[in-house]
Amino acid sequence: MRKLLEIALGILTAIGGFVDIGDLVASTETGARFGLGLAWVLLVGVVGIVIYAEMAGRVASVSGRAVFDLVRERLGAGAGLLNLAASFFITLLTLAAEIGGVALSLQLATSVNYLLFVPVVGFLVWLVCWRVRFELMDNAVGLLGLALIVVAVAVWRAHPDWGAMLHSATHPVVPTTESHAAYWYFAIALLGSAMTPYEVFFFSSGAVEQRWTRSDLLVNRLNVYIGFPLGGLLALALMVAAALVLEPLGIDPSHLSQAALPTSLVLGRLGLALALLGFFACTFGASLETALSCGYSIAQYFGWQWGKFVKPAQAPRFQLAVLVSIALGVGLVLTTLDPVQITEYAIVLSAAALPLTYLPLLIVANDPAYLGGKVNSRLSNAIASLFLVVLVLASVATIPLMIASKAGGG
Amino acid sequence: MARRLDAALELLDRQLVDKDGRLAGKVDDLELTDPGDGLEQPRVTAILTGPDALAGRLHTRFGRWLQGVVLRLLARQGPARVPLEQVQAIGSSIELRVAAGRLDTGQGWARRLIGRLPGAGEGDAAQ
Amino acid sequence: MSGTPPDRPAARLSDRCRRGLAAVALALAVLVAAAGCTGPVRSDGVYASKAAATAAAAASAVQTARLAVQEAVDGRLFGRTLAQTLAEAASDAGDAQTTFDAIQPPDGRADVLRDQLDGLLTPAVSALEDLRIAARRGDVAQLPSLAAPLPRLSDKLEQVQKAHR
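Residue numbers (our numbering), protein chains in the order written: chain A, 1 to 410; chain B, 1001 to 1127; chain C, 2001 to 2165.
Rather than coming from a laboratory, the hints here were simulated on the basis of the structure.
Keep in mind that a hint or two might mislead.
Calculated cross-link-like contacts (lysine-lysine; reagent style DSSO-like; alpha-carbon spacing at most 30 Å) [what the hints assert, rightly or not]: (1) Lys374(A) x Lys1019(B); (2) Lys311(A) x Lys1019(B); (3) Lys406(A) x Lys2050(C).
Could you build all of it, start to finish, from the sequences and the hints given here?
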């Protein structure tokens, strides 16, 4: 019974923790501009993250080491440092975007300028990273994030024409108002929002934090195979909601307020309240994850003691890295750069950097020295390698598409 | 019992773990000593760890910059040296016979900063 | 004294290769930055497409405001969220107009387009500002009348967008 509860908690946390500001922005914007024409990208992204997250969890459970820990061993100091620099920069950018997202959610609920919330949010993020036990932190924000289910409920209650929607999702067409370059640019952005690099660092480090072992492999697989796709459904719900309400009106969302309008239209104030709670919870949770991931990647490259499972004084450089990262993230948002803009850059750069994260993971997951008999099967290698090819193609196409579509504006 | 190892593959960039199971940095470089008789190859006599050891291996402008900045910042006299005799086991990580605190890897300043914050747990367990 | 490790499978890039990559990266960075810039417009066609983009942005803001007002009147929004939504719509429309007006029209035909579009943008921005102010005051009763000009304005803006795409 207890094991069942544990599994249920893990799955629910995975669902609630899936969406972050990147998914919010990308799904809503693509839904409003392209209808369901990019829904297939979400499917691809979810399959990708499921495959690689399972690998990351397995590596951590069997070897007791986190993924980035092993990157340097496998790639060497120089290439590992390059990988660290790129990954850290992008995770930091994402952290800034998430902190901005929390502030925007609070602004939407209170009408108080978001900049005033930013330092407070930064402090709270640091405080939770400093003091709150890992499991408690993970579970709390994951469960709160389930409030976003309200968006799926709103879509359901809107009684859309399911047949027509399925048709437009399976027969994607670039709308006349958009260029092909913009379509593919947003496809890459959406992919980057679903397969964020920090997720792999956080997931594997979290497995080590929680002391997962071989006996937890099943739980890991259930969390990933059931929780992540359901979480992806929430991102899809955001896209559908935007396609149903915003697209017909020609609304191109650039603010969180526009993302909330479809839910309040169908479900009124209760729906709005839950949506706002969901926005807050998923961005706050993602702030914690990205802040810790910044610390994890640096500490794991240099071999410093890391983790919340030891007292802060015993992992001082890790804690310092987390603190400095949060400060830098707060600083970036306080430059008054629009957090939604920061998010857009973060997800596109994430997409471009995906091969950097996933190639080492694929290599490590095939190494019997770390995984013993639990290395990848031939089938999972085949699928994972295919994905890697797709990711490399997407990565190479990112900058040209960004130029051709004027960063999605054209 | 002697084992032949490829030092680059199995020693370099491996995680160092101290006798209490604490993480103590990576093998950033190896100290090779020439036995001097011109016949034998240089032998690995110690493991070097720390930012300046790593910087020395990076062979780039960035590495040299790191070395300059780091040395100035930490004001130390060279990388922490772990003689091979203090190595307990070599596996996927390198286990040591000493405690991490004995290795002067320059984390004192970080611990002093972090230790000042409430809840750091500085008073617990001598380190 | 450090030992140099033998060549590893994950080899280092040679210096020349690295310099070449740095040059390419710099060039790409410049191109990306330039992609976001707006400069003086030389041709009629480019001006028209900028006008279309402005009309689209303004229409989006107007439609957002319409939807928000409708929801507020139906009691589906909190006062503060409504105020925030309308403030953002007003500033989006205002920004669109400011950016567009800053562009030098290249010729007489462009002047006509500019006047036509400004004739729509100015009342739109004004109506959205009024709505923003009323919402901040919590004056929900006033909203429908203040929002009355919006449907016509959004239709016209969408026409401009379609005509000059």
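Exercise. Straight-line Cα separation of Lys311(A) and Lys1019(B) no greater than 30 Å?
Worked result: Between Lys311(A) and Lys1019(B) the Cα gap is close to 18 Å, so the pair holds against 30 Å.
Exercise. Does Lys406(A) pair with Lys2050(C) here, judged by a C-alpha cut-off of 30 Å?
Worked result: Distance ~13 Å between Lys406(A) and Lys2050(C) Cα, so the pair holds.
For this session: Take the C-alpha atoms of Lys374(A) and Lys1019(B), compute the straight-line distance between them, and say whether it is at most 30 Å.
Result: Answer holds: Lys374(A) to Lys1019(B) is near 28 Å, not above 30 Å.
Consistency with the previously given hints is maintained throughout, with no hint failing.
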